[in-house]
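Using the sequences and the hints, build the whole thing.
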Amino acid sequence: MPDIHDIISGSPFGRFMGIETRIDEQGVLAILPARDNLIGNTSIPALHGGAIAAFLEITCLLQLAHETGSTAPARTIDFSVEYLRPGRPEATYARAKIRLMGRRVATVHAEAWQRDEAKPVCLVQCHFRLPGSRG
Amino acid sequence: MSWTSDRAPMTRDSNDELPEAAANWAGAHASQMVTHAPYAVALGMRYLSSSPGRGSILLPWRADLAGTDGSSIVAPGAVTALIDHTCGLAIMAGFGMAANPATLDLRIDHMRPAAPHTDITCAAHCYRATKTIAFLRAEAWDASPDDPIATAQAAFILNRREG
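For the record, the sequence lines run as chains A and B.
Take the first sequence: its position 26, counted from the start at 1, is 26 in the working numbering, and no numbers get skipped.
Basically the working numbering = 1-based index in the second sequence + 135.
For the record, the hints were derived by calculation from the structure and aren't laboratory data.
Check the hints yourself; a few may be wrong.
What the hints assert, rightly or not - With beta-carbon atoms standing in for the labels, derived distance ranges:
1. B/Leu183 / A/Pro2: 31 to 41 Å
2. B/Ser186 / A/Gly132: 26 to 36 Å
3. B/Arg181 / A/Gly69: 24 to 34 Å
4. B/Tyr262 / A/Ala118: 33 to 43 Å
Said to hold, decoys possible - Sample of chain A residues lacking proximity to chain B, with all beta carbon distances greater than 12 Å (derived):
5. Glu57
6. Thr68
7. Pro73
8. Glu82
9. Glu90
Note that this is a predicted model, so its numbers are computed, not measured.
By construction, the Cβ of each residue, glycine as well, lies at the ideal position given by its N, Cα and C atoms.
Spelled out as structure tokens, the structure:
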């Protein structure tokens, strides 16, 4: 079983984002602590949509590593984000669910929330090329 | 639909913000879209150019943007943020600050990984906008716009009332 913390600490961008992780019975819980340089719009203020999307993409990769047992990074094929609510400048949480684990491609959905898990701020659906697959 | 069409796309509720005013704003202030957004600054984005409905931003290579240690390839998440921000720039360059755009959805296809140690350029085009929604396409590339690393399609909501 790969150590999820090692994956973040081995990713310059993961460190830049300041992502923290916990593992529980549901899988990987990713945490994006609030930081001033994640703000996109200072007048609202709100987290940058790109920061939330990047956080969710990493959450998907962590859940894939957790379930496949491989630390070799999967490659993003496509990535579709829906923004439901503005992200307040506070801690954001995310979980990913692997909807299909194929031989070459995985379909992964993830969502991010803040105070209330029932009120997600952002949803993503993505496909990943799994490591070790050719072509 | 061309951006310069005089039909509905540029029509707004009030008359005090005409496209010319927006264009003037774009000329004077569009670069602030990059310099005044903390996350864009933190990633090192640099304003390149804009005109009504169009914008482009550079993401210079930096080691702490790599996806994994030793790969020296920009993380896809950083490219996502670049594309999202460039779409925002294209809208602001067309409508000015008052458009107050927020991303509704964004879909990115990653054609290939970027080459190691390369800057990424993104260009976005708002090809259609109503009073409420702006539709955009964007591309990001390392060496040449003819060989993109990622293409994107986005919809933004405009003219929200804050609060």
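Against the structure, the hints:
no. : hint                            : verdict
1   : B/Leu183 / A/Pro2: 31 to 41 Å   : holds (39 Å)
2   : B/Ser186 / A/Gly132: 26 to 36 Å : violated (45 Å)
3   : B/Arg181 / A/Gly69: 24 to 34 Å  : violated (40 Å)
4   : B/Tyr262 / A/Ala118: 33 to 43 Å : holds (36 Å)
5   : Glu57                           : violated (5 Å)
6   : Thr68                           : holds (16 Å)
7   : Pro73                           : violated (6 Å)
8   : Glu82                           : violated (5 Å)
9   : Glu90                           : holds (15 Å)
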